[in-house]
Amino acid sequence: MPLLRFLGLRIASSLFALLIITIIVFLLSHLSGNPVDALLPDDATQEQVDTFIRDWGLDEPLWQQYLTFLKNALQGDFGTSLKWPGQDAMGFVLDRMPATLQLGGLAILISVVIALPLGVAAAVYKGTLIDSGAQTFALLGQSMPNFWLGIILIWVFSVWLGWFPTSGMGTLSHAVLPAIAIAWFQISALARLTRSAMLEVLDAEYIKLARVKGVSETKVVWKHALRNAAVVPLTYFGILAASILTGSVVIETVFSWPGMGWVAIEAIRGRDFPVVQAVIIAYAVIYMLSNLVVDLLYVIIDPRVRHG
Amino acid sequence: MGETTVNPFAKPSLWRRARELPLVPITVLLIVFIIPAFFADFIAPHDPYTPNLRSRLQPPVFFGGTWEFALGTDRLGRDILSRILHGAWYVLAVSMIGIAVGVVVGTTLGLVAGYVRGWFDGLVMRLVDISLALPAMLLALALAAALGASFLSVVIVVGFALWAYFARQVRAEVLLLRNSDFVARSMVAGASHTRILFRHILPNVTNTIVVLATLQVGIAIMLDASLSFLGIGIPRPTPTWGLLVSDGRDFIATDWWISFFPGLAILLTVLSANMLGDWLRDKLDPRQRQI
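Chains as they are written, first to last, in our numbering: chain A, -18 to 289; chain B, 25 to 315.
Take the hints with a grain of salt, since some may be wrong.
As the list claims (entries may be wrong) - Simulated crosslink set (DSBU-like; lysine-lysine; CA at most 35 Å straight-line):
1) A:LYS189 with A:LYS52
2) A:LYS107 with A:LYS189
3) A:LYS200 with A:LYS107
4) A:LYS204 with A:LYS194
5) B:LYS307 with A:LYS189
6) B:LYS307 with A:LYS200
Unchecked claim - Restraint-style ranges between C-beta atoms, simulated for each label pair:
7) A:LEU121 with B:ALA196: 27 to 35 Å
8) B:PHE275 with A:ARG250: 15 to 23 Å
9) B:GLU92 with A:TRP144: 34 to 42 Å
10) B:LEU54 with A:THR117: 16 to 24 Å
11) B:SER210 with A:VAL274: 42 to 50 Å
12) A:THR117 with B:ILE58: 18 to 26 Å
13) B:PHE206 with A:ASP184: 53 to 61 Å
14) A:ILE282 with B:PHE66: 52 to 60 Å
As the list claims (entries may be wrong) - Far from chain B, some chain A residues (derived; all Cβ distances over 12 Å):
15) ALA80
16) LEU82
17) ILE111
18) VAL193
Simulated from the structure, these hints should not be mistaken for lab results.
Beta carbons: idealized from backbone N, C-alpha and C, even for Gly.
Isolated chain A, as found in the complex (with noise of 0.2 Å):
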């Protein structure tokens, strides 16, 4: 069964990837100097300081703490937080999730709606000032910081024409201008890779069949050609993940939306480890995920990879 075997490996390998990031996160915590200082606050009492370190075996040698900290973090238990205190460091930032997954759901939307049909006219018209048009667009897009795109898309649409609030979260219209500010890199480079993608299989056989066949264009290049053409942007889907991920935690800085990303920023300047720590499993165990979905959304549209 090739195709049991081919998503077993990517599970194994996610899992590898993700246990990696387990022992960086812990090696971080004590590189700090005593993990006591890092994952207690400053005021913590002797008797405080002791519990610790009995619970998380502070000491035993390296390699048990780091089993200790591992057999903790599948149940999800980081300790608590030092910034909002009582809360539960991991519960706090699953509280968080929805609000960033939102977000990020978003932009994905936007970017699709907007570069599939973008790069499939680039193609199309291919050499033509709508293709140039699209390029620059594209160009700039990967040119721009996306978090002085956020400042600026503030300024014009909420500052000058008020169309929508300047941060915070709540109605849609607080959600549009970051999905936007995120999507804006994506936009473009989906659209690079739909135009040559496009490019490629317009110029194949069964595309002239169906033209000579007498099809009408419309359906030759939204039906036929761009149903094969769609493979290579969704493989990019695991690096848009990646970058998704990166841009919320800059975009909701920048648009105080109370997601992952705002949490870990705020946590890093609290000094809050437990938090941080949390939120980067969190983020790894998010990105993973989207990309055995990627794996298995490229499996179920490509037979090649089914049947291969």
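With the hints as your guide, set chain B onto chain A.
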């Protein structure tokens, strides 16, 4: 007679080569990025650090300001232009050293992995996969939380974000090169493995490395800018460009120039670096061309 023969193998004259250079991106890079990075002390009109409350919040020159503060001043009266010019050095240093780390680590591992193959190759390729699968932002967050942000932590993050691309590309080319005649001949001639790797194989992959490195200047600058914008880059008071944008973000409604011009500097620099990288790729390594 010698004057009329045209040698088809002669290299094009220096002038013709110079005309082929993409002059616009190079000029922009020089003006916005490279000259300021090395000569900010001489060309900056004001001191970038000292507050001057008498000149606070001056607008830029064509928006009601004066030539004295061409791009306006911030809330502490510091000249925006001078701060951008002085920041260029740090942006340049971080991106160049970060890329250098990525090139050295990635190339060395890729060379050796492709040459010796076996378990070492397997290990390096696994590390490449993991590194490509890990968004650099996560490492940046962890480093900033554990060690505090510094010049070193930013360089580590940039190097970490880039090394795997070099390792993967170099290894792929070494796998092809190691079977070629010239490698077999140097072996017969008694060259050591080190000599074969670094004197015979390495020169054949330098084009690839140069192209990749140029294409990554934009990525490195953008990463550095994002980190300093978030406050997990080089700490204050160093006027890195991301930090300058972040300085003005709460005042965009009234004093837009504080954020606008530093961001424009990032945009222009990354844009020209990307255009230069694309051009170089088409020139040196057309196989990598995507579109």
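Hints the structure fails to honour: Per hint list: 1, 6, 13 violated.
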